[in-house]
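A.B. asks: The lines below spell out each chain.
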Amino acid sequence: MSKVFIAFQANEDSRPVIEAILEDNPDAVSTTSPAMVKIDCKDRLVIRRESIESRIGRSFDLQEIQLNLITLTGHLDEDDDQLTLSWKR
Amino acid sequence: MDMEASKKKLGLKERYNHLTRGLGWETTYQPMEKVFPYTRYEGIKIHDWDKWEDPFRLTMDAYWKYQGEKEKKLYAIIDAFAQNNGHLGVSDARYINTLKLFIQGVSPLEYMAHRGFAHVGRQFDGVSARIACQMQSVDELRHAQTQMHTVSNYNKYYNGMHSWRHWHDRVWYLSVPKSFFDDAMSAGPFEFVVAISFAFEYVLTNLLFVPFMSGAAYNGDMATVTFGFSAQSDESRHMTLGLEIIKFILEQDPGNVPIVQRWLDKWFWRGYKVLTLVSMMMDYMLPKKVMSWKEAWEIYGEQNGGALFNDLARYGIRKPKGWEQASIEKDHLSHQAWSTFYNYGAAALFHTWTPTDGEKDWLSAKYPDTFDKLYRPRFEHWEQQAKEGKRFYNGTLPMLCTTCQIPMFFTEPTDPTKICYRESDYKGDKYHFCSDHCKDIFDYEPEKYVQSWLPVHQIYQGNCFNPGVDPTVPGFDPLRAVLDYYHTNFGRDNFDFEGSEDQKNFARWHGDDAGGA
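In the order they appear, the protein sequences are chains A and B.
For the first sequence, numbering that gives the first Met the number 0 begins at 0 and goes up steadily by one.
For the second sequence, numbering that gives the first Met the number 0 begins at 0 and goes up steadily by one.
Worth flagging that the hints you see were computed from the coordinates, not collected in a lab.
Possibly wrong hints are sitting among the right ones.
[As the list claims (entries may be wrong)] Partial selection, computed: residues in chain A whose CB lies under 7 Å from chain B:
#1 I55
#2 Q62
#3 D78
#4 W86
[Stated by the list, open to error] Below are the DSS-like pairs computed for lysine-lysine, each with C-alpha atoms no more than 30 Å apart in a straight line:
#5 B:K71 <-> A:K37
#6 A:K37 <-> B:K7
#7 B:K429 <-> A:K87
#8 B:K389 <-> A:K87
#9 A:K2 <-> B:K372
#10 B:K12 <-> A:K41
#11 B:K155 <-> B:K287
#12 B:K429 <-> A:K37
#13 B:K50 <-> A:K2
#14 B:K33 <-> B:K7
#15 B:K320 <-> A:K41
#16 A:K41 <-> B:K389
#17 B:K503 <-> B:K288
#18 B:K386 <-> A:K2
#19 A:K41 <-> B:K503
#20 B:K155 <-> A:K2
#21 B:K155 <-> A:K37
#22 A:K2 <-> B:K359
#23 B:K288 <-> A:K2
#24 A:K87 <-> B:K287
#25 B:K33 <-> A:K41
#26 B:K155 <-> B:K44
#27 A:K37 <-> B:K359
#28 A:K2 <-> B:K329
#29 A:K41 <-> B:K71
#30 A:K37 <-> B:K64
#31 A:K41 <-> B:K50
#32 B:K503 <-> A:K37
#33 B:K372 <-> A:K37
#34 B:K155 <-> B:K320
#35 B:K246 <-> B:K386
#36 A:K41 <-> B:K155
#37 A:K2 <-> A:K41
Computed from a prediction, not measured in an experiment: that's the story for all the values here.
A virtual CB, placed ideally from N, CA and C, is assigned to each residue, including glycine.
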């Protein structure tokens with residue numbers, strides 16, 4: 000079993016993204032350090048555009064997450080609707 | 000006739016395909032191998048460049064838009080930092096020494112990365128590879144510039160930051176990061192991307208930028224955490240690309256696997272050795288600590304790297320050769336490195352010190368198997384000597400490893416009380432190494448490493464004195480002459496933190512005229 004992770008700057012822009020990830024990925028665990036939040040998840044983690052939009056009440060381009068992204072690991076696949084990190088292909 | 004405007008905006012994948020597939024062509028006036036002359040001699044075989052894909056599928060419009068937003072955020076904070084005397088908000092003036100090491104050792108590498116990616120961004124045959132490397136080249140230039148701008152605010156008030164570019168090419172410990180990048184820059188384009196994009200960016204940069212920058216935040220350095228995380232938002236893209244590059248090369252031809260494996264063995268070890276400096280920044284130089292080097296190595300080295308190499312096993316790739324040794328050394332690395340800089344504190348362009356009692360207890364808790372037994376007595380001894388007015392400064396020069404250029408202070412993997420020495424003979428000369436892995440790297444490409452510019456050798460050969468200096472005059476002080484050649488402000492940039500101008504000024508600016516402990 001391998002873990003994937005993604006970390007964001009701890010700020011207001013990241014908050015709805017982190018909430019969306021934690022709701023959409025029941026196995027995800029977040030850890031807060033000074034200025035950053037890291038989310039670990041077993042094998043696979045998904046970020047869904049719709050989940051973020053439903054929190055912020057406007058349309059959201061998934062590439063916006065790059066503004067506050069600190070690091071990630073795993074194979075990445077991104078399209079207009081979701082971003083997936085995984086170790087299984 | 001006008002083209003009919005499409006009803007629907009193109010999706011991410013379509014936009015990326017138009018940029019990276021539609022704009023390239025096979026050259027006809029000149030054969031492709033003459034237009035791209037560097038991509039064949041390393042032995043890597045590429046059959047279909049279109050298989051190279053940036054998983055973020057970043058197009059130019061999105062790139063400029065998001066990078067512009069990152070810059071606006073960053074510079075607003077840098078301005079606020081400068082306007083509000085942010086330099087006085089850090090935990091303790093000792094912290095500022097991490098920034099000195101950063102601007103001396105890391106920022107020049109960002110600039111070298113800019114140059115390196117500009118080079119391979121011209122040389123790769125495939126369009127998507129070239130675009131990815133060109134974007135990364137611009138990113139790296141941005142990192143170098145934002146770091147200079149941020150640190151320039153500290154340079155107005157503190158010593159040890161004024162001539163970092165001059166130092167990078169001359170100073171003994173800075174040849175460690177410099178030679179790392181020079182080694183990559185003078186390799187072929189595929190080795191360069193495996194070295195920098197994969198081994199360094201993907202496997203190792205988390206250890207530099209993530210816990211250290213979180214540490215900067217914890218120590219109240221608003222400006223550094225902001226440039227660090229702003230750079231790191233680009234690094235996420237670079238890391239993703241690093242993994243994509245490795246998969247691309249491995250999937251193109253089975254003959255590529257052994258070549259890549261050898262590069263991974265080499266560059267994992269080269270990168271890990273450079274991180275020796277980071278280990279002591281985390282354990283000794285951050286007054287308020289977020290995690291130990293050992294913990295960071297376990298999370299970002301062992302767990303994350305372990306997951307990665309499990310995944311790459313399907314291509315026939317195994318963990319790099321030095322992997323186990325790095326894990327053994329996690330209990331020792333930072334202590335041995337900081338001890339060495341404490342020794343050579345007269346010749347280092349930042350301040351050194353012995354850890355406080357509270358810090359020693361923290362180190363005991365984080366390193367229960369090694370700190371009290373092996374390293375605490377050493378620091379207590381030096382502390383006692385300093386109290387007696389005999390602060391120890393080592394006045395001789397250390398032997399350097401020919402490959403990593405670090406002084407030979409590392410111990411045997413099986414015996415932490417014995418220094419590890421290895422050597423090779425080549426064309427009648429003897430070369431020295433700190434480890435089996437550094438020796439292996441040399442033995443495979445001796446013609447490359449016999450050209451290493453080893454600072455200690457250069458000093459002894461008389462190549463590190465200012466023009467006109469006469470080493471034969473009575474009372475000649477070679478250390479002082481070398482520090483003059485470095486453009487050191489002697490007595491201000493070097494020596495112990497205790498009693499330094501930085502310490503006194505920081506206390507004075509906080510209204511404490513006593514000037515330190």
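A.B. asks: Each hint should be assessed against the structure and marked as holding or not.
C.D. replies: Now for the hints, and whether the structure bears them out:
1. I55: Check failed: Cβ of I55 of chain A comes no nearer than 16 Å to chain B, outside 7 Å.
2. Q62: This interface hint holds because 6 Å falls under the 7 Å limit.
3. D78: Where the cut-off is 7 Å and the nearest Cβ of chain B is about 6 Å from D78 of chain A, the hint holds.
4. W86: Constraint on W86 of chain A satisfied, holds at 5 Å.
5. B:K71 <-> A:K37: 25 Å, holds
6. A:K37 <-> B:K7: 36 Å, violated
7. B:K429 <-> A:K87: This hinted pair is violated, its Cα atoms lying about 48 Å apart.
8. B:K389 <-> A:K87: 60 Å, violated
9. A:K2 <-> B:K372: This hinted pair is violated, its Cα atoms lying about 35 Å apart.
10. B:K12 <-> A:K41: Status holds; Cα separation ~27 Å.
11. B:K155 <-> B:K287: Between K155 of chain B and K287 of chain B the Cα gap is close to 24 Å, so the pair holds against 30 Å.
12. B:K429 <-> A:K37: Not OK: K429 of chain B and K37 of chain A at ~48 Å, beyond 30 Å, violated.
13. B:K50 <-> A:K2: 26 Å, holds
14. B:K33 <-> B:K7: 41 Å, violated
15. B:K320 <-> A:K41: 27 Å, holds
16. A:K41 <-> B:K389: Violated. K41 of chain A to K389 of chain B sits at ~55 Å, over the 30 Å cutoff.
17. B:K503 <-> B:K288: 23 Å, holds
18. B:K386 <-> A:K2: 49 Å, violated
19. A:K41 <-> B:K503: 50 Å, violated
20. B:K155 <-> A:K2: Violated: K155 of chain B and K2 of chain A sit about 44 Å apart, past 30 Å.
21. B:K155 <-> A:K37: Violated, at roughly 35 Å.
22. A:K2 <-> B:K359: Outside the cut-off at roughly 33 Å; violated.
23. B:K288 <-> A:K2: 25 Å, holds
24. A:K87 <-> B:K287: 38 Å, violated
25. B:K33 <-> A:K41: Distance ~47 Å between K33 of chain B and K41 of chain A Cα, so the pair is violated.
26. B:K155 <-> B:K44: 52 Å, violated
27. A:K37 <-> B:K359: Given that 30 Å is the threshold and the Cα spacing comes to 29 Å, the pair holds.
28. A:K2 <-> B:K329: 22 Å, holds
29. A:K41 <-> B:K71: 36 Å, violated
30. A:K37 <-> B:K64: 26 Å, holds
31. A:K41 <-> B:K50: 28 Å, holds
32. B:K503 <-> A:K37: 38 Å, violated
33. B:K372 <-> A:K37: 34 Å, violated
34. B:K155 <-> B:K320: 45 Å, violated
35. B:K246 <-> B:K386: Since the Cα atoms of K246 of chain B and K386 of chain B sit roughly 57 Å apart, the hinted pair is violated (cutoff 30 Å).
36. A:K41 <-> B:K155: Roughly 47 Å between the alpha carbons, so the hint for K41 of chain A and K155 of chain B is violated.
37. A:K2 <-> A:K41: 5 Å, holds
In this structure, the hints that do not hold are numbers 1, 6, 7, 8, 9, 12, 14, 16, 18, 19, 20, 21, 22, 24, 25, 26, 29, 32, 33, 34, 35, 36, in rising order.
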